[in-house]
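Trainee: Sequence:
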Amino acid sequence: MTLRIVTGSANHALALATAKGLGKELVTTELERFPDGELRPVVGAIRGDDVYVIQPTCPPVNEHLVELLLLLDACGRAGAQRTTAVVPYFGYARQDRRTRPGQAIGARVAAEMIAAAGADRLLVVDPHMPGFEAICRIPVEILTALPILADAFGVEAEQHVVVAPDLGAVKLAERFAARWRLPVAVVRKRRMSDISVRAEDLVGEVGGRKVVIVDDMITTAATIEAATGLLIAEGAEPNAIVVAIHGLFVSAAKDRLGRLDLARLLVTDTVPAPKTAPAVEVCSIAPLLVKALGRLHREEQLDDLGVFD
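For the sequence shown, this note's numbering gives the first residue as 17, with consecutive numbering after it.
Fair warning: there could be bad hints in the mix.
What the hints assert, rightly or not - The list that follows gives simulated cross-link-like pairs (lysine to aspartate or glutamate, EDC-like), each with its CA atoms no further than 16 Å apart:
| # | residue 1 | residue 2 |
| --- | --- | --- |
| 1 | Lys307 | Asp319 |
| 2 | Lys205 | Glu216 |
| 3 | Lys291 | Asp271 |
Think of the hints as simulated: they come from the structure by calculation, not from any bench. A quick note: this is a predicted structure, and the numbers were derived from the prediction, not measured.
Use the sequences and the hints to build the structure in full.
Mentor: Given below as C-alpha cells:
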C-alpha cells in the first residue's frame, strides 16, 4: 500500500506540511458546495492505498465534522485499502457525560459517526476527555503535543510555578512541570455558564513567583482570565505565560487575553489560529504527525511519541 494524504478544508496548511514532511503530495480533492449549503467532496485516485484524512473538527464544528464524514465515505468508495481519520482537534470531546437529564453524549455520537463513515482507525491529539478511547469502537491512537510546547517554552533563570487552571488540567500541568522540574499549583474553578467561570481556591504557593498556566485548550479564555485574577490576588507576578495545545479563540477570547497583558501565549496548530486571535507563538505539530503517520504506515508502535527526551 502507498501512503496517501487527503485533507479537508479545516486545516489545509497542517496537512500540506505533514505531506511535505513525508515526501508526499496531497491527494487532489475537490469540495463542491450546493446553493443550500450541502457539501460534496470528491477525492482523487487512491485505490488500494493507505489513506490518512487530516481534518480537525474545529469551529465551525458541525461543518467540519460533516465534511470529515463525507471525505471518509468518499475514500472508501474510491477504493482506499485502509482509511485513518486524523483529527488533531476532536470537537464534541467535552460532551463525554450527561450533566442533566435529557442530554446527549456528543463525544460518543461523533465517534460513532466517524466509524460508520468508513474510518478504520482514528488518530487524535490530546483529546479533552481522559477516557476518549473507551467511547470508540475502532482502534484509536492518541498523541500528545505537550513536549513540543514544553521545548518551545524553554527554561529561564527565574523560577516559575506551573499552574493548572482547573482540576481537569492537573495531569497536563504536572507533566509539563516535570520536564523543567518546576513546582505545581492548582486552581479550583466553578463554571457559571458556557462563557463565565469563577476561580475559587488555589492549592500551592505562587507568591512572588512567575506563573506558567498550562491547559489543553483555550476556547473563550474565561478559565484563563479567572485563574490569572486569582493568581495575582495570591501574590503571583503579573504577565503570566499561558501554554495551551488547542487555541480555538472564540467569542470574547481576544478581548479577555488582551486585557491580561501576557508575557507569552503558546499554542499549537492543531487548529488554524483565527485572524482575530491575539498575537500567539504557534508551534507546529506537523513533525509529530510525520513521525506518527510514517510509523502507522509501517505498522510500527507509537508508544514513545510524546515522551520527553
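Trainee: Hints first: check each against the structure and report whether it holds.
Mentor: Against the structure, the hints:
1. Lys307 x Asp319: The hint holds at about 12 Å.
2. Lys205 x Glu216: Holds: Lys205 and Glu216 sit about 5 Å apart, inside 16 Å.
3. Lys291 x Asp271: Measuring from Cα to Cα gives roughly 13 Å; hence the hint holds.
The earlier numbered hints are all upheld by this structure, with none contradicted.
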